[in-house]
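Here the protein sequences come in this chain order: A and B. Under my numbering, the first sequence has 82 at position 81, and the numbering climbs by one with no breaks. Under my numbering, the second sequence has 359 at position 173, and the numbering climbs by one with no breaks.
Honestly, the hints are just simulated from the structure, not real lab data. Only a predicted model underlies this, so the values are computations on that prediction, with no experimental measurement involved. One thing to keep in mind: the hints can contain errors.
[Claimed, not checked] List time: in silico DSBU-like cross-link candidates among lysine-lysine, alpha-carbon distance up to 35 Å:
hint: 1; chain 1: B; residue 1: K247; chain 2: B; residue 2: K293
hint: 2; chain 1: A; residue 1: K83; chain 2: A; residue 2: K23
hint: 3; chain 1: B; residue 1: K461; chain 2: B; residue 2: K247
hint: 4; chain 1: B; residue 1: K358; chain 2: B; residue 2: K293
hint: 5; chain 1: A; residue 1: K23; chain 2: B; residue 2: K293
hint: 6; chain 1: B; residue 1: K449; chain 2: A; residue 2: K83
[Stated by the list, open to error] What the simulated footprint calls covered on chain B by chain A, stretch by stretch (three residues with Cβ under 8 Å from a Cβ of chain A suffice, anywhere in the stretch; the number is not a length):
hint: 7; stretch: 322–335
hint: 8; stretch: 369–380
hint: 9; stretch: 431–444
Cβ coordinates follow ideal geometry from the N, Cα and C atoms, glycine included.
Take a look at the letters that make up each chain.
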Amino acid sequence: MTPAVEIRDLTITFGQGRARVKAVDSASFRAAPGEAFGIIGESGSGKSTILRAITGLNDDYTGDVLIDGQQAQKPRTKAFFKTVQMVFQDPYGSLHPRRMIRATLAEPLEIHRFDRKDDRIAQVLNDVGLAPEFAYRYPHQLSGGQRQRVAVARALLLEPRILLLDEPTSALDVSVQAGVLNLLDRLRRDRGLTYVMVSHDLRVIAHMCSRVAVMTQGRIVEELSADALRDQRAETEYTQQLIRASRGTAHA
Amino acid sequence: MTDTLLEIENLRVAYPSAHGYTDALRGISFSVGRERLGIVGESGSGKSTAGRAAMRLLPPKARVSADRLQLQEIDLLAASERQMREIRGGRLAMVLQDPRYALNPMKTVMAQITESCRLHTKCSRAEARDQALDMLEAVHIRDPRRVARLYPHELSGGMGQRVMIAMMLIAKPQLVIADEPTSALDVTVRGQILDILNERVEAEGAGLILISHDLPLVADFCDRVLVMYGGQIMEELAARDLSAARHPYTVALNESLPPLDRKVAELTVPEHDPKWLEQRR
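In isolation and in its complexed conformation, chain A is listed as follows:
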């Protein structure tokens, strides 16, 4: 089966001369259609940089980004974004503060010339568990969890098949996180979406994803199944350390 998302030998460097840093060093993975693939690692390990490269926010990379087996064009085309959408980490920073939710949601529909805008907005709000009145609110009138639901709604509007999720719940409380994670999991199962999800939280990744890539210092050091992660069957020292730290036994 052709993977929905594949990266091959993806390398991204920043800076010039002596300040040159390899943020991502020949990373490769494949996510099958309908799969949730996780990337875990500490800050600065390059996990978000990979998502930004896939979505084309930074297309200064070497190596391949393949969507459904097709090389993604540089710069990304309009059609690309009907297939691939991204949800960002901070719902406080990713919604325009001076725009009503309706305006934020209507923009991608206008760009892609969709019809029945109001119906679609009402439908998508319903899909993410928000009442239709939310369309007439401003971001500051919403809680963190509600904002993140709006961010998911915005990504879903164009009916993409692939969602890139960059730490979608790290700004939320555990109780609110549970709701958003359930929503994402349900949407994936109902619509056969493919997720590439980045997080530094092992619990979230193990719950959401079936396979996980572990990154440190720009390299994918290990790829393992969520079951292996739960049973602590990690091969590299780094992954074992990460598991111990997440279980809170690192300083017991």
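Following the hints, position chain B against chain A.
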């Protein structure tokens, strides 16, 4: 308890809102001695407000009342702003969440640490410098002389948090309030930072209040835990019993956490029940 450091009785805080005052804290009472006390709860439960009220750092528009707010012999409610300036940082210190915002971006690490030292202890510039370097070493910074010359933007998150701990503990406070000290950090660094905090607090014989929304972390680190919800303390228990808590709110919080040892189809989302507020233990 003879060793009580901070005693709070019936503390109420309200903020002005569109419909009169909204209660942030509805009469909480607790005391803390030379121990590690954890305060857990969701955002908006009032846990940070409690910490800030003890430091008298709430905005002027907040309405604060308490039967008692006592730091050893000092009545914090009656203390003048001048006295408070000596107490804050001197006897009662606060470690904040994100070193990127809590450190002064225009001052070097050395300048920030020596400032706190010079303000609260009578020492010369040279002594303050030496103490600052010792302190940086005590928070496990490998090359204190180099780091001392850096500005906050040149530090990593974990390093910034160590600098903040050094800055807060150099004046040897009796009680340290750490408000989400590790939630801006990676899991791999979290343990280290807590170890350092614990080490320093133990070495100085101070008390510690750890405010966090991370239940496993608090269970692992503290001696005693207060669970807060809706501006009230729901229950108080020994930290090792946190996973076996019986209050429905604590149970719901525990259940909403994705488990690491088994696969679940769906996470439990806590349904907030007004009845919880009546079931205080």
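Right, here's what the structure says about each hint:
For the proposed pair K247(B) and K293(B), the alpha carbon gap of about 30 Å is at most 35 Å, so the pair holds. Pair hint K83(A) plus K23(A) holds up; C-alpha atoms about 30 Å apart against a cutoff of 35 Å. Only pairs whose Cα atoms come within 35 Å are accepted, and K461(B) paired with K247(B) is accepted, the gap being roughly 30 Å. Taken as a hint, the K358(B) and K293(B) pair is honoured in the structure, with Cα atoms around 22 Å apart against an allowance of 35 Å.
Using a Cα cut-off of 35 Å, the hinted pair K23(A) and K293(B) holds, with the two alpha carbons roughly 30 Å apart. The straight-line distance between the Cα atoms of K449(B) and K83(A) is roughly 32 Å, inside the 35 Å bound, and the hint therefore holds. Counting residues of the stretch 322–335 of chain B whose CB falls under 8 Å from any CB of chain A gives 0; the rule of at least 3 is not met. Proximity of the stretch 369–380 of chain B to chain A, defined as three or more residues with a beta carbon under 8 Å from a beta carbon of that chain, is established by the 8 residues found.
Requiring three or more residues with a Cβ within less than 8 Å of a Cβ of chain A, the coverage given for the stretch 431–444 of chain B holds, as 5 such residues are present.
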